[in-house]
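Enquirer: Okay, here's what each chain looks like letter by letter:
Protein chains: 2
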Amino acid sequence: MFEIGIFSFGDTYPHPLTGARQSAHESLRDLIDRIELADRLGLDFYGVGEHHRPDFSVSACSTVLAAAASRTKTIKLGTATIVLTTDDPVRLYEQFATLDQISAGRAEIGLGSGVFLESYDLFGVDYEDRKWIYDEKIELIAAIDTSEKITFGSKSRPPLDDLIVWPRAYGEHLSIWQTTGLTEQSFERAARLGLSVQTGAPAAEFDRLAGLVATYRNKGAERGWKPERLKVALSAHAYIGDDRRKALDTFFPHYQAYVSNMRLNRGKPAPTREQFEETAADLNSNIIVGDAEHVIAKLAHQRARIGHDRHIFQIDWRAVPQADQVRAIETLANEVAPALRKQTTATEAAA
Amino acid sequence: MFEIGIFSFGDTYPHPLTGARQSAHESLRDLIDRIELADRLGLDFYGVGEHHRPDFSVSACSTVLAAAASRTKTIKLGTATIVLTTDDPVRLYEQFATLDQISAGRAEIGLGSGVFLESYDLFGVDYEDRKWIYDEKIELIAAIDTSEKITFGSKSRPPLDDLIVWPRAYGEHLSIWQTTGLTEQSFERAARLGLSVQTGAPAAEFDRLAGLVATYRNKGAERGWKPERLKVALSAHAYIGDDRRKALDTFFPHYQAYVSNMRLNRGKPAPTREQFEETAADLNSNIIVGDAEHVIAKLAHQRARIGHDRHIFQIDWRAVPQADQVRAIETLANEVAPALRKQTTATEAAA
Numbered sequence: 029m030f031e032i033g034i035f036s037f038g039d040t041y042p043h044p045l046t047g048a049r050q051s052a053h054e055s056l057r058d059l060i061d062r063i064e065l066a067d068r069l070g071l072d073f074y075g076v077g078e079h080h081r082p083d084f085s086v087s088a089c090s091t092v093l094a095a096a097a098s099r100t101k102t103i104k105l106g107t108a109t110i111v112l113t114t115d116d117p118v119r120l121y122e123q124f125a126t127l128d129q130i131s132a133g134r135a136e137i138g139l140g141s142g143v144f145l146e147s148y149d150l151f152g153v154d155y156e157d158r159k160w161i162y163d164e165k166i167e168l169i170a171a172i173d174t175s176e177k178i179t180f181g182s183k184s185r186p187p188l189d190d191l192i193v194w195p196r197a198y199g200e201h202l203s204i205w206q207t208t209g210l211t212e213q214s215f216e217r218a219a220r221l222g223l224s225v226q227t228g229a230p231a232a233e234f235d236r237l238a239g240l241v242a243t244y245r246n247k248g249a250e251r252g253w254k255p256e257r258l259k260v261a262l263s264a265h266a267y268i269g270d271d272r273r274k275a276l277d278t279f280f281p282h283y284q285a286y287v288s289n290m291r292l293n294r295g296k297p298a299p300t301r302e303q304f305e306e307t308a309a310d311l312n313s314n315i316i317v318g319d320a321e322h323v324i325a326k327l328a329h330q331r332a333r334i335g336h337d338r339h340i341f342q343i344d345w346r347a348v349p350q351a352d353q354v355r356a357i358e359t360l361a362n363e364v365a366p367a368l369r370k371q372t373t374a375t376e377a378a379a
Numbered sequence: 029m030f031e032i033g034i035f036s037f038g039d040t041y042p043h044p045l046t047g048a049r050q051s052a053h054e055s056l057r058d059l060i061d062r063i064e065l066a067d068r069l070g071l072d073f074y075g076v077g078e079h080h081r082p083d084f085s086v087s088a089c090s091t092v093l094a095a096a097a098s099r100t101k102t103i104k105l106g107t108a109t110i111v112l113t114t115d116d117p118v119r120l121y122e123q124f125a126t127l128d129q130i131s132a133g134r135a136e137i138g139l140g141s142g143v144f145l146e147s148y149d150l151f152g153v154d155y156e157d158r159k160w161i162y163d164e165k166i167e168l169i170a171a172i173d174t175s176e177k178i179t180f181g182s183k184s185r186p187p188l189d190d191l192i193v194w195p196r197a198y199g200e201h202l203s204i205w206q207t208t209g210l211t212e213q214s215f216e217r218a219a220r221l222g223l224s225v226q227t228g229a230p231a232a233e234f235d236r237l238a239g240l241v242a243t244y245r246n247k248g249a250e251r252g253w254k255p256e257r258l259k260v261a262l263s264a265h266a267y268i269g270d271d272r273r274k275a276l277d278t279f280f281p282h283y284q285a286y287v288s289n290m291r292l293n294r295g296k297p298a299p300t301r302e303q304f305e306e307t308a309a310d311l312n313s314n315i316i317v318g319d320a321e322h323v324i325a326k327l328a329h330q331r332a333r334i335g336h337d338r339h340i341f342q343i344d345w346r347a348v349p350q351a352d353q354v355r356a357i358e359t360l361a362n363e364v365a366p367a368l369r370k371q372t373t374a375t376e377a378a379a
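The listed protein sequences derive, respectively, from chains A and B. Position one of the first sequence corresponds to residue 29 (this note's numbering), numbered consecutively onward. Position one of the second sequence corresponds to residue 29 (this note's numbering), numbered consecutively onward.
A portion of the hints provided could be inaccurate.
Remember, identical chains collapse to one label, so a pair may be satisfied in a single copy or spanning two.
As the list claims (entries may be wrong) - Straight-line alpha carbon distances no greater than 20 Å define the calculated DMTMM-like cross-link-like pairs of lysine to aspartate or glutamate that follow:
id, residue 1, residue 2
1, K101, D58
2, K159, E212
3, K274, E358
4, K177, E146
5, K177, D149
6, K101, D61
7, K101, E54
Source of the hints: derived by calculation from the structure; they are not laboratory data. Given the structure is predicted, the values throughout are model-derived calculations rather than measurements.
Make the full structure from the sequences, and use the hints.
Expert: Written out as structure tokens, the structure is:
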């Protein structure tokens, strides 16, 4: 079973051409409408991601997802991504176990260490300490999920001495995902703790990613974890239209506005139109722009190489209008997902 | 306008007679069903309160309330109470501003310093420090609500240096309530910061409460706060049936199970049936057990003495069945609230 999902941050940047900008209310309203639509059309997952700046409406992930839980029936609701380093594993577990109870087992939590720096300032964590703090907190949340009473001598938050974290997950465990780059250590930890993995790779690193995923699955199975605890998701930046050429034209200003800003922060130049077209054309890349046929071909190619379980698409980039996002969800649900499922079933039957 | 509301903790204690016990899933499901019912029948407020123990299903308040927001239209959604002392004012503001944006202005946050000790252990706060920490945190959350960019040199959490907390409230401000006992200092602070007040008093202290409320309103008005920022709510433990005598009989075991446990924790004896009946019969008391007529008479009496804006009822005590709670909500919405509104309008017209 190959899953298709969406993730959003509630982007409220001004439109790169018109300057129009959504309020936080409009952004959250449209986001929850999209989650409802994705559920109705049978997509598998919708994730939201945390920021703490006026450019994005989502800072409190479980609050947004709980509002969506009441308007959906089968879609899994998770995060891509929560900044674990600056949050409290105990509070997070309580929030997502509550979401899991409310949604009868549809909650997931995706945890990373963040790209933007706001949460480090806001919650008083030194960015230089992010590695050891993340390491400790991911061990802690996995430990909380394992047993109702917990003793854990952490340094990044107050230690826990034989305490109960409540409520518990709806089923046997909470679905915990580690968002990670291509480091062996992260994949090894995920295999050891039975955490699923959400990742992405530049086109040039695709072979290395395939190797890491294969090793992760083997090591996780050796540990005795069931396959549902060893899932792999790839993320893509996407714009999906009816015509590939038109999609590239429409999406470029949004892409450029977003990536320029990210690159300028790091002192790098903005991407040119040529670079964008080249990246989008590369079957290994995580920029997916085109019509259904193109998306299906690219996903089938990546699925054949990585063997991942889920592909998730960020479609609310820099003021891409709601109507365009709705069309992308419709295309993913009505054309892409059925085609991929058919291919996956055929491959699995042959194997 | 006199408001009637409900508050719940998601009580999952065993039934005192049958031993039957709800799961967290069942408890949250029934709770959100009750919020939906209260909204449909036109009650004004539903609050949830935080605990961290298997006896209660609510630990993550904004998560539960957001699920309710999607199923309701006009009811205000708040807390009674969040343990501010062991939580982070920045996260809380983000969560409740998000709830406010999602519900188009229906979020409220009620903040106290807690009765149970679990959250102090779980979040590493020394109970002995609760006073100064609460004092600092209530100032901080009020400051966050006042300005988008905040500088605040707190000691109970990392200081904030010219940082943005996002999203903001839907309207001009977030409705913040201070849950307080009968201390002058708390009422004075609420008047100074423009916070509403949720309180309760033993029958013997009713006169003192009336005086504190009158002073609070005067001082708040002197500060220039609008009346909607100076609201007063009283809380009651309630069981409402069709027949007063039957209500007393049915409710006593639930009441005794709850209060015994609380008192035994403090080394005091359990209440006797006589004590219970006496307290329930006292028009000044906050134990309200009876039929609509009794509830109306008691509320009218208390309203005449205190002049408060809202009365909120805890009706999920120790496994009181959902059907009984539904009847209580129906009685409050269909009989009590209209009678009180009529009396209030008549009083206001006369004044």
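Enquirer: Hint by hint, say whether it matches the structure.
Expert: Hint check:
1. Within a single copy, K101 and D58 get their C-alpha atoms as close as 18 Å, and across copies as close as 17 Å, so both meet the 20 Å cut-off.
2. For the identical chains of this complex, K159 and E212 are intra-copy neighbours only, at 14 Å inside a copy versus 47 Å across copies, given an alpha-carbon limit of 20 Å.
3. When the C-alpha separation of K274 and E358 is checked against a cutoff of 20 Å, the pair qualifies only within one copy, where the shortest distance is 18 Å, while the shortest distance between copies is 57 Å.
4. Taking the closest pair of Cα atoms, K177 and E146 come within 20 Å of each other only across two copies (13 Å); inside a single copy the shortest separation is 33 Å, beyond that limit.
5. Taking identical chains as interchangeable, the C-alpha atoms of K177 and D149 lie at most 20 Å apart only when they sit on different chains, with a minimum of 13 Å there against 32 Å within one chain.
6. Taking the shortest alpha-carbon separations for K101 and D61, both the intra-copy value of 14 Å and the inter-copy value of 16 Å come in at or below 20 Å.
7. In the homo-oligomer, the alpha carbons of K101 and E54 lie at most 20 Å apart only across protomers (17 Å), although the nearest pairing inside one protomer, at 23 Å, exceeds that limit.
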